[in-house]
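> Each chain is listed here by its residues.
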Amino acid sequence: MSKPKDYTERCRLISNAFYNQGLEKAQIRDLTGASLCLKRSLAFDKYNTDARNLLGLIYYEIGETAEALVQWVLSSNLKQDHNRATYYLHELQGEPGKLEDESIHIRRYNQALSQAQNDNSDLAILQLGRVVEHKPNFVKAHMLLALLHIGQENYAKAGQSLYRVLQIDKNHPKALWYMSIVKSHTGRADVEKRKLKNAFSHHQMQDDDIILPPTYRESTGWQMILHIAVGLAMGVAVIFFLVMPAREQEMNGIHNQEMNEVLEQVNQKSMTIDQLKADAAAMETERDAAVANLQTILDENGGVLSQYQQLAHILHAYKVDDFQTAVELYADMDPTMITDEAMQAIIAEIRKDMEERGYQVLADLGNRARDAGQAEQALAYYQKSLNIKADNPQVIYDMAMVYQNRGEEDAANELFGQVIMNDPDSELAARAKEARGY
Amino acid sequence: MINFEEELSHFKPSLEVEEVEDAIVDSDLTDMADIMMALVREGSEKKRSNE
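The listed protein sequences correspond, in order, to chains E and P. First residue of the first sequence: 1, per our numbering; consecutive thereafter. First residue of the second sequence: 1001, per our numbering; consecutive thereafter.
Next up, chain E with everything else stripped away, as it sits in the complex (with noise of 0.2 Å):
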């Protein structure tokens, strides 16, 4: 009889046989066919901390992270030391709130096949709707899933469910059993088997295999003439249906060129016509100013044609010594209207001369009318005089006495508030407080 030591030896080869088998079939994706050989690696040797590691993590792979948990926790009890599980669980404890979301998942899906096992099929698929989309590598949820889809024969959708496992998975059992009857019912068996059917069909030429050369046959007379007449049914098709429509478009292309030049033509006159139009528009508005101008000019009253001759009035007035006649055409001249700096020199001299005498002659022309009764005339010398020196209170005054008398208490009255503000103490302003009434 073979000693213990054998024994556990030989059991230790062994579970490192299944491991090698296990990791294999894990690099692959085969994740149900590598847990099997794993289950049997840890069967003959629970030492075995690779598989046990492998295991666990295979189980969090596919979504059971309890699974991968118990694992990973016996196989850091059973070799404390230099242990990836310990890693491993370092890092699923460490992220907070991880463990909480995973049995949230976990307790979910719990739900949901209890509910799918007791008649309620909707409420279980929007169930596991939420389960896998939080934890999309669940493949109990996927599985379970796809086969109430299945139920409610809605194959596309159980299909989807289906590929995501196989994703995971590659070897799912159930799952590609599942897929095969998916795909039996959406016609994608079909397509596929047609697929496979072209992709192996080609038949590979043996050494005994034989060409047969075609036979050569004379044509007798009337098949001669058929052959001619389909020959030319086949060139004038060949004309019809190759040649004319590469013509016509060569023509298309040629006429759109044409019309492409000729539109351009007609763009450009257009452009020109519009540039003249623009050009007359700025003549026609130049012309309408020079002839404004020119009215300007010529205006009877307020020109500054009008005005030269204002003011040669005035000069000949002057020289005729009537010194009312020249303060009368001023006060009804505009000056600034007379540019001229040598005309500005005369009538500069002028202005002094009104501003110390003429005002009077006005006020007096104002007083004579106002006691003509001419209220209107002596108003507008009175106006006439303000206008040559504005600071005058005794014409304020006057003026304001007339509209008074005329009834126009407002103007009257502003007119007397102008005389008190200007010098409070003075005679004029005592009477035009009187004149107010204070």
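It is worth saying that the hints were derived from the structure and are not from the lab. Glycine included, each C-beta is placed from N, C-alpha and C at the ideal position.
Derived DEER-like restraints, expressed as beta-carbon distance ranges:
(1) P/K1046 - E/Q80: 35 to 41 Å
(2) P/E1018 - E/Q117: 19 to 25 Å
(3) E/P245 - P/M1001: 51 to 57 Å
(4) E/H90 - P/K1046: 47 to 53 Å
(5) P/D1026 - E/V191: 46 to 52 Å
(6) P/L1029 - E/D81: 18 to 24 Å
(7) P/E1018 - E/L23: 28 to 34 Å
With a straight-line cut-off of 30 Å between C-alpha atoms, the simulated DSBU-like cross-links for lysine-lysine are:
(8) E/K195 - E/K174
(9) E/K170 - E/K193
(10) E/K352 - E/K319
(11) P/K1046 - E/K5
(12) P/K1012 - E/K157
(13) E/K5 - E/K39
(14) E/K183 - E/K170
(15) E/K183 - P/K1012
(16) E/K5 - E/K79
(17) E/K174 - E/K135
(18) E/K195 - E/K157
(19) E/K98 - P/K1012
(20) E/K174 - P/K1012
(21) P/K1012 - E/K170
(22) E/K98 - E/K39
(23) E/K135 - P/K1012
(24) E/K39 - E/K170
(25) E/K197 - E/K170
(26) P/K1012 - E/K39
(27) E/K157 - E/K193
(28) P/K1047 - E/K5
(29) E/K79 - E/K39
Add chain P to chain E, keeping to what the hints say.
Then chain P, alone, in the frame of chain E:
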């Protein structure tokens, strides 16, 4: 064809995180080496008792 009810009955609840502790305690860690050792021990005892 799938027998829906039968298939559904094959699905088992997933192990919850809260149940991990119990699962670890309940784990049967007996391996082939343990069984072989037990058999060897039993064989030795039988041999001794026969002698």
